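Enquirer: Spelled out, the chains give:
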Amino acid sequence: MNLKEIKEMINLMNENDLVELEVEREGSKIKIRKSSSETASALRPFPEYRMETQAASPKLVETTPPAVTPEKKTHEIISPMVGTFYRAPSPEAPPFVEIGQVVEVGQVVCIVEAMKLMNEIKSEVRGKIIEVSVENAEPVEFGQRLFLVEPV
Amino acid sequence: MFSKILIANRGEIAVRIIRACKEMDIRTVAIYSQADRDSLHVQLADEAVCIGAPASSESYLNIPAIISAAEITNVEAIHPGYGFLAENHHFAEICESCNIKFIGPTPEAIRLMGDKVIAKETVRKMGVPLTPGGKGVIKTKEEALEVAKRLKYPVIIKAAAGGGGKGMRVCHNDVALVSSFTMAQKEAHANFGNQDVYIEKYIADPRHIEFQIMADHHGHIIHLGERDCSIQRRHQKLLEEAPSPALDGKLRKKMGEIAVKAAKAIDYRSVGTVEFLLDRNGEFYFMEMNTRIQVEHPVTEMVTGVDIVKEQIRMANGEKFKIRQEDVKIHGASIECRINAEDPENKFMPCPGKIEVLNFPGGRGVRVDTHIYPGYTIGPYYDSMVAKLIVHGQNRSEAIKIMRRALQEFYIAPIKTTVGLHSQIIDHPQFLQGNVSTHFIEKLMHEDPEARK
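Respectively, the protein sequence lines represent chains A and B.
Under the working numbering, the letters of the first sequence match residues 2 to 153, in that order.
Under the working numbering, the letters of the second sequence match residues 11 to 463, in that order.
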């Protein structure tokens, strides 16, 4: 067999999607096998699928879509712990902050209560409160947004 | 029965516990770190609370965050799983003081068995055989040398507050002992915050045999037979089986009675495991007691038909455990392979990454306990076990055939796993004969068992 014939055999294999071809003729034998670039597997790859989240959201808090979509540069004050969110230092007292109010760096904006301890949460920026993201006395988780602040 | 339980864990055991709860009509709360947002246990639970950053210390070991999550979701009980806070008696105490039922033993039982030196002293009084060892904590090199001379080499130095195979050193002579002693103290301090070490005779070629204990709140304590966990790499179990090919009915009865005695010695409640070393002459020695549910509990479930997690929850609820010792029968044989996302051909390097293709084996006698799914990304923050492949056959021979077949069907890409290593083990003549000791893996892999990972 010459090179031309071998090339024809290779084309034949490709056109017909063959993996292996063996030809014997006039005392000479040739076997051509396509090497697979994929890892050898007895199985065809499965289509990828994601676990469907259940209809009922497993998330603790029903996160209503924020009233304000941050277009301007905004800063999120997020909860550093799991607990219960309180807007005021005590039930009779006025809230620490209101929407529209400007807060300073280090100013207490709310309390997150965890295991009977009241933790004061402070603002890291100077800015105007444009959203209060959690209702009073609602539970919050680690990393949950508490306020949206527009730095000034 | 509890109406809601919080699972203070992650991964496959969290999934296992959530499944048991669902079947018992108990609502479930999952906790998760920011790294586990897409985890299966979060998706399966009724409610989920993010409790912290990825690092275990800030999340799964973060007691205030977990208790806080339990309070805001109003759960009645917490199941700690295994690892993390499962054997932390402070956590058990805090749960109690917050009026949340800790699904496990009493804080006192955890504390007693958590200190390996105290544990041995406690069971010694009940006539439980112990590995010959120096009495209590060894404080100085001179003491160590004296003890070693009395016990005769080889000896092993262990951390009193230790476990999981960490902080252990085998010594064959005085020179090795002196250098290892200081290193062992340092390691013990680094790993467990406590530098106390003790010394025992090192038993050559032992088998690791453990008994599953079930104890209700009414003083009824039985065992559900043994598991043979001799196949270990650097003191981490790779493969477990029930029953042990090394035990006959007589030895099982004898060891089982001692295991129950050890549990009774501390007024034990809930599930637990008593571990023994068995030498070639049929002598056995108490090693330690684990006061939690164990990774390998499924093999006992397969041969006894008992759902250990459900029974654990029922017992925590104060219900009487209905099974008598004489009712416990072992049916057939079960084997479990722990599949880790590690590359055995590259020093067992962990292989985090996204799972693109995944096929689990199935069919008669096959069970897979896992938290992974196609498209899931294995992160670098936690241990590398991704699945437990468990089989059950009418006898050991059939169980081995099913495991061989199941390992061939197990396909995962592009993550590297230890599936191939398990296939090698399951085909090995020594394993087939049931003739392995805890040195089996190191000989198979020509590894130095005491090399640091």
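Calculated from the structure, these hints are not laboratory results.
Owing to the predicted nature of the structure, the values given are computational and were not obtained by experimental measurement.
Please note: incorrect hints may appear among the correct ones.
[Stated by the list, open to error] Label pairs and their in silico Cβ distance ranges:
| # | chain 1 | residue 1 | chain 2 | residue 2 | range |
| --- | --- | --- | --- | --- | --- |
| 1 | A | S91 | B | R134 | 51 to 61 Å |
| 2 | B | C108 | A | P81 | 45 to 55 Å |
| 3 | B | C108 | A | A138 | 18 to 28 Å |
| 4 | B | R47 | A | E99 | 37 to 47 Å |
| 5 | A | M14 | B | P362 | 57 to 67 Å |
Note that CB positions come from ideal geometry on N, CA and C, so glycine has one too.
Enquirer: When the structure is checked against the list of hints, which entries are broken? Sort them ascending.
Expert: 2, 4 and 5
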